[in-house]
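Student: Single-letter residue listing:
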Amino acid sequence: MTLQNPREIYGRTLVELGAENPNIVVLEGDLGKSTMTCYFEQAFPNRFFEMGIAEANMTSFAGGLSLTGKIPFTNSFAVFAAGRAYDQIRQGVCLAKLNVKIVGSSAGLSDFGDGSTHQTVEDLALMRAIPNLTVLVPCDGTETRKMTRAIAAFQGPVYMRLTRSDMPAIFPENEEFVIGKPYLMRDGGDVVAFACGQMVSKALEAADMAAAKGISVRVVNVSSLKPVDEPALRAFARGMRGIVTAEEHSIMGGLSCLINYVFRGSGLRTECVAIMDRFGQSAGSQDELLAEYGLTPRHICAAAEKSLSK
Amino acid sequence: MTAMMQTRDIDELRRIARKIRLDIVQMVGVGQKGHLGGSCSSADFVTALYFSKMRHDPKNPAWEDRDRFLLSKGHSALVQYAALAEWGYFPREEMKRVKVFGAMLQGHPDRLTTPGIEANTGSLGQGLSIACGMAAGLRIDGRDSKVYCVVGDGEIAEGQIWEAAMAASHYKLENLVAILDRNGLMTNGPTDLRYSSSPIDKKWAAFGWHVQDIDGHDMGEILGALDKADTIRGQPKMIIARTVKARGVPFAEGRAEFHNGIMTAEQYAQACRLLAEEPAAS
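Sequences listed follow chains A and B, in order.
Going by this note's numbering, the final residue of the first sequence carries number 310, and the count climbs one at a time with no gaps.
Going by this note's numbering, the final residue of the second sequence carries number 1282, and the count climbs one at a time with no gaps.
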């Protein structure tokens, strides 16, 4: 399967958008060669703002830019973009419904070497809890490109969570990305796996493993955590005998909470693959961490089996 | 398009400032907590901005070429509400139902409910950053509008203020004028005793701002400083306005307990009477 780097694709997409729309502006918290806003800086130096290592000011400053009709994208690692600037996102941006796009890069455990200070296990929980904020997680580079374009066209505050790692290309080229829509990635008849981010491709691998055991797993990409088409989610579970969730995020406040809420009272057993209320840590690769935190295809497959047991 | 009639008549501006203080007192009312102190300390320069300096149009609050006003010390919203009501951004009746359920006039400025409010401020330390972003956006578009931002002297304890100070200076936001309401009191007492922000002028100068230090209740000095700021190029401008908290309400002047205090019926009547009276000829 082709590997794509979502950061790289995000950076290139910003340049496309910048060429199409003079109101696109980009703000960067001194990580432009990692978030890949460096391409936009080269192409449109007058619409690029180096904001230094000051995420709070960057976020509010972006709010001010939006009030003059600009479409600002703020960039930092997710742990800072969402965490350090939480109050600015809440008070300045979302209360006022400002048209700011907050892009959290190197999210989850993907900044494996830097360890827990740079790994976000809770950004989706924080962002989902803020009224007026749209919360999105693309599953690969293709969806990253489509999503970046969609949020530029969308009026209102958005948080988009990006990973640092290369990801297999799985989102169909010919599929339009629509905010709120969950996407069927593979059909199946026994268990539905709702996943987001790079856990979607892990869930697809898990579906192969489960098939070998005689369990048919349907995989749904929930790239829109908020808003999300709840009837569509319920429709995907119709006829299923179990539910699995998979996310590179804490069990608290992310996809598992969303799915458990949507399927409350459904009688379907839901098994959650997530980070169990722990911080991250340094490692030599992301795979080591995914294994340690129980976020591999093997874990998703096991969860699917478990979801079928009474 | 032109703005509404503005005045350079200092006596007229003083008269308006008194009326704004009366409105503030009446919005606080009797037996209710209200941010009397900081609203009244800002009243003179807010009057100078809205009724003399700024280009704005109450019939078209979203006029793209307007000057922008941001109250970073959002808790002093009453002073801005009074100025906006006086201009007719909304009916004066709205001032009778501040901070109540369903009110247009919320406890802190809300751009979604109130015509003339540019941004939601009140979580202290954020408004100056928003003002910087506005100034930068206006510059990209080549507009000559200016951005005026009022910050508090207690507020500048927030680290984000200094992030904004660096950004404004780095980006040479010459269309940004900040006014610091140096009333010397934070919620629970004098800033210099409880949590000093001194020396304020040297701090802003060190961050690359043009700094003026004025009597924040002298209308002539205020207008002079605002005009002087227009002549300074290549850097953001700070006007430190030395003020008295609750200025114009004698029993509350300079008293920290009237930061968000309660007036008795007697105090309220006294304040209304003093502010309604014609001032002695100056």
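Be a bit skeptical, because a hint or two may be false.
As the list claims (entries may be wrong) - The following residues of chain A were derived to be distant from chain B, with all beta-carbon distances above 12 angstroms:
{"no.": "1", "residue": "M1"}
{"no.": "2", "residue": "G64"}
{"no.": "3", "residue": "L67"}
{"no.": "4", "residue": "R90"}
{"no.": "5", "residue": "H118"}
{"no.": "6", "residue": "R186"}
{"no.": "7", "residue": "A211"}
{"no.": "8", "residue": "P227"}
{"no.": "9", "residue": "R234"}
{"no.": "10", "residue": "C272"}
{"no.": "11", "residue": "S282"}
As the list claims (entries may be wrong) - As a list, the in silico EDC-like pairs of lysine to aspartate or glutamate whose alpha-carbon atoms are at most 16 angstroms apart:
{"no.": "12", "chain 1": "A", "residue 1": "K97", "chain 2": "B", "residue 2": "D1110"}
{"no.": "13", "chain 1": "B", "residue 1": "K1172", "chain 2": "A", "residue 2": "D287"}
{"no.": "14", "chain 1": "B", "residue 1": "K1033", "chain 2": "B", "residue 2": "E1012"}
What the hints assert, rightly or not - From the derived model, a few chain B residues whose C-beta atoms are all more than 12 angstroms from chain A:
{"no.": "15", "residue": "Q1026"}
{"no.": "16", "residue": "S1072"}
{"no.": "17", "residue": "L1124"}
{"no.": "18", "residue": "T1187"}
{"no.": "19", "residue": "L1193"}
{"no.": "20", "residue": "D1213"}
{"no.": "21", "residue": "D1227"}
{"no.": "22", "residue": "R1255"}
{"no.": "23", "residue": "G1261"}
Hints were generated in silico from the structure; no laboratory data involved.
Note that the Cβ used here is the ideal one computed from N, Cα and C, for glycine as well.
Student: Please go over all the hints and tell whether each is borne out by the structure.
Tutor: Evaluated hints:
no.	hint	verdict
1	M1	holds (41 angstroms)
2	G64	violated (2 angstroms)
3	L67	violated (5 angstroms)
4	R90	violated (8 angstroms)
5	H118	holds (21 angstroms)
6	R186	holds (43 angstroms)
7	A211	holds (51 angstroms)
8	P227	holds (19 angstroms)
9	R234	holds (33 angstroms)
10	C272	holds (34 angstroms)
11	S282	holds (28 angstroms)
12	A:K97 / B:D1110	holds (11 angstroms)
13	B:K1172 / A:D287	violated (46 angstroms)
14	B:K1033 / B:E1012	violated (30 angstroms)
15	Q1026	holds (27 angstroms)
16	S1072	violated (10 angstroms)
17	L1124	violated (10 angstroms)
18	T1187	holds (19 angstroms)
19	L1193	holds (27 angstroms)
20	D1213	holds (25 angstroms)
21	D1227	holds (25 angstroms)
22	R1255	holds (29 angstroms)
23	G1261	holds (25 angstroms)
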